[in-house]
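There are 2 protein chains.
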Amino acid sequence: MLAEVADKEFAEQQLQDVTEALARGMYVQARRLLHNLPAWDVALLLESSPPKARAIIWQLVDADEHGDILEELSEEVQKSVIRQMAPEKLAAATEGMDTDDLAYVLRGLPEPVYQEVLKSMDEQDRHRAEKALSYEDETAGSMMNTDTITLRPDVTIDVVLRYLRLKGELPEATDKLYVVSRDDQFIGEVSISRLVTVDPTKLVSEVMESEVQGIPVDMNETEVAKLFERQDWISAPVVDAENHLLGRITIDDVVDIIREEAQHSMLSMAGLDDDEDTFAPVLKSTRRRSIWLGVNLVTALLAAAVSSMFEDILAQMAILAILNTIVPSMGGIAGSQTLTLVIRGMALGHIGPSNQRWLIGKELAIGALNGVIWAFLIGAVVAAWKQDLVIGGIIAFAMMANLLAAGLAGVTVPLILKRFNIDPALAGGVILTTVTDVVGIFAFLGTATLLLG
Amino acid sequence: MLAEVADKEFAEQQLQDVTEALARGMYVQARRLLHNLPAWDVALLLESSPPKARAIIWQLVDADEHGDILEELSEEVQKSVIRQMAPEKLAAATEGMDTDDLAYVLRGLPEPVYQEVLKSMDEQDRHRAEKALSYEDETAGSMMNTDTITLRPDVTIDVVLRYLRLKGELPEATDKLYVVSRDDQFIGEVSISRLVTVDPTKLVSEVMESEVQGIPVDMNETEVAKLFERQDWISAPVVDAENHLLGRITIDDVVDIIREEAQHSMLSMAGLDDDEDTFAPVLKSTRRRSIWLGVNLVTALLAAAVSSMFEDILAQMAILAILNTIVPSMGGIAGSQTLTLVIRGMALGHIGPSNQRWLIGKELAIGALNGVIWAFLIGAVVAAWKQDLVIGGIIAFAMMANLLAAGLAGVTVPLILKRFNIDPALAGGVILTTVTDVVGIFAFLGTATLLLG
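These protein sequence lines map, in sequence, to chains A and B.
The C-terminal position of the first sequence is numbered 826 in this note's numbering, with every residue numbered one higher than the one before it.
The C-terminal position of the second sequence is numbered 826 in this note's numbering, with every residue numbered one higher than the one before it.
Warning: the hint list may mix true and false statements.
One copy or any two copies: either way a pair holds, since identical chains are not told apart in the list.
[To be verified] Taking lysine to aspartate or glutamate pairs in the EDC-like style, the calculated list, with each CA pair at most 16 angstroms apart, reads:
#1 Lys759 <-> Glu684
#2 Lys599 <-> Asp414
#3 Lys599 <-> Glu445
#4 Lys599 <-> Glu385
#5 Lys452 <-> Glu484
#6 Lys599 <-> Glu511
#7 Lys540 <-> Asp572
The hints are simulated quantities; they were obtained by calculation from the structure and are not laboratory data.
Turn these sequences into a full structure, and let the hints guide you.
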């Protein structure tokens, strides 16, 4: 750990210097500056660079640093960087990587490259890599490291302390040592802070915490993150179905998951991929985003088709065409507010069978209350603007109806999607606005047709 | 730590049992069940309950547990629960709380209650509370605990180990001991894992890491969280301007900040408050959400006013009214995608002066490419549907123009807002959709007026 805290401005200055040197084509200077940057900062620079600059920076960085930098990159950027590396260089870069990071990197490779990288590794590393890859992605197994320190229950703390002194150094974020039986079954743990506070003549079995269960290796990473948050863990053991100790998960990997999960909803709601790279090439980004635009075009055409049912009245009164967008728009906003809260509530585990009905009631009540407020306001504005009380009344009624529909849809759409195992953050917004568009247009133009047609 | 990992279903079952007991009015049974639940689960239950059930649960929980549960609650729910507590009970509940949690609870109190709570505390606690409250909210000072263990540089590790054994227990998440000079200046740190691996006859000054700087007490919590993520810290020392050690920040508090920050953008984009409580009373929620609806009403009226400029052509051709919503809708979606990516990129520190221009170019290119694709598609659909090539051409042109505008606005709106220190997540969406609505309507109805009017 360097003296970096107060040197934030210094770090920013350095980053800027590199950027400038690169922009001016002063590659020798850029290389020297990059050499002095910590891996984390180089990763930040790569994440913030357009594809061409990214390639140049990667060429200029010391090959020794490649592994450390790869570990800090997001999946998408990592892939774009790895694509330019020769398999044997990649194999060299992964040497000494934490098991979970190694698996992460290897998972991103196309099959032939992956095979070549494996071939270029020495036997021990290859074995470790194959083991790491045998666990499913996004499970405890794919998050864990194998750098555990294990103890036998029948030795004294004094022996443990002597063993640790011989070892000389502990892996990062080691707050606990794990106690295993002769056949590697996990039977308990001893925290390091306990190690330094207990009587050293005691046996490990006397001071260990044995009421602990390991995390099952196939547990989903979201569940793992929830457990860490709930228990305020710094590290936790991972076990297989027979309770054999396989490795441990540390809080730094959990923090990454927590950030990703929290970002996931926001990105999904805009129809974006979790790994969307801000500086991806144009063609790639266009392709990814066009799916969502296509879905939206269908719903927009659906709304137009609904309006089209009222072509007669629209042909008679242009004022209806002008006001036709207001009610759907307000319904969309009100519905999205409810939807966003429900999606967050579901992610936090706050919404379940016991309170769904209450929540629907609440959102309907808000819809009704907001309906009255905004119906009155828009009715008054329109009546004053167009000097037409009837149209004011019609739009007020439509607003009321649509805000009620928005509240109801805002709660029920995500609940229904979840029951069908569809991510509400991804599909919820489109379905919701389709509902509020259709209800809004029907209520407004339908009533107008009845009263004025 | 209990055997909870594999008992997730058991915990869920318990939560359900409490809920059922409460629903049936079996309060004695509910009280017994609550008694056996860990504080974290009771907090989850409170967060997931409507106001009335919340009040009942709080009455049934053991008073001893109040402090632990309060620590786990979100600000909004905490406030709603505290409101029903007598000041002396509240004072009792805060006894033994971590300093940062104590400050968090006290900050939420109305002034008179706060004074009474302070009066009900014993002198030591009062002093601690006043000290904790003297630091500004959302800074390192408000996040820190004062449970540091400090060492002098001139003692041997052996002496330290004996001192720790006398102490018998270390505070949670203690991975480092801090070395201070005689006047409490922070001069270095010794990790516990170093403590157990070095030769015990060495002096603290010989084994300590002295290249470390403490976190300044007034550093913003977002910066603190970034430092923790960047350095993979588990805890870090906090110092004042004269480098005196004031306390330490632990990773569990940082995880809370990271989750909050990541959620912030999503909630802000829907015009919701960070602390929005899913189960808040109807009136409160209505009031909060109505601000956003009001803003949207103004922009919807603005769009209607723009359409109103083209009343003549709308009166002539109802088909234009029917198709008028498609182009603004597509622009809104495309713009939101760009906006969401830029907001995330800004939060991660990926977007700065060096790459803004590139990013604008990229999003304009995507807008142009998407513009061509969707202009062609919508033009073809409309031409086929309405058997009118001219209108197909007009909507195709409008689509092209609006998707370009959406890309440009998606990048520039958040950049401009940030320059004026306005949160882009909060205001960006409204401004963006106003742009895409206005451009979309102008391009479509304006061209139609020119060609057909």
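How the hints compare with the structure:
In this assembly of identical chains, the alpha carbons of Lys759 and Glu684 lie at most 16 angstroms apart only when taken from different copies (12 angstroms versus 21 angstroms within one copy). Taking the closest pair of Cα atoms, Lys599 and Asp414 come within 16 angstroms of each other only across two copies (12 angstroms); inside a single copy the shortest separation is 29 angstroms, beyond that limit. In the homo-oligomer, the alpha carbons of Lys599 and Glu445 lie at most 16 angstroms apart only across protomers (14 angstroms), although the nearest pairing inside one protomer, at 23 angstroms, exceeds that limit. In this assembly of identical chains, Lys599 and Glu385 lie within 16 angstroms of each other by CA distance solely across copies; the values are 14 angstroms between and 34 angstroms within a copy.
In this homomeric assembly, Lys452 and Glu484 come within 16 angstroms of each other (Cα to Cα) only inside a single copy, at 13 angstroms, whereas the closest approach across copies is 55 angstroms. Taking identical chains as interchangeable, the C-alpha atoms of Lys599 and Glu511 lie at most 16 angstroms apart only when both belong to the same chain, with a minimum of 14 angstroms there against 24 angstroms between chains. In this assembly of identical chains, the alpha carbons of Lys540 and Asp572 lie at most 16 angstroms apart only when taken from different copies (12 angstroms versus 21 angstroms within one copy).
Checked against the numbered hints listed earlier, the structure breaks none of them; every hint is satisfied.
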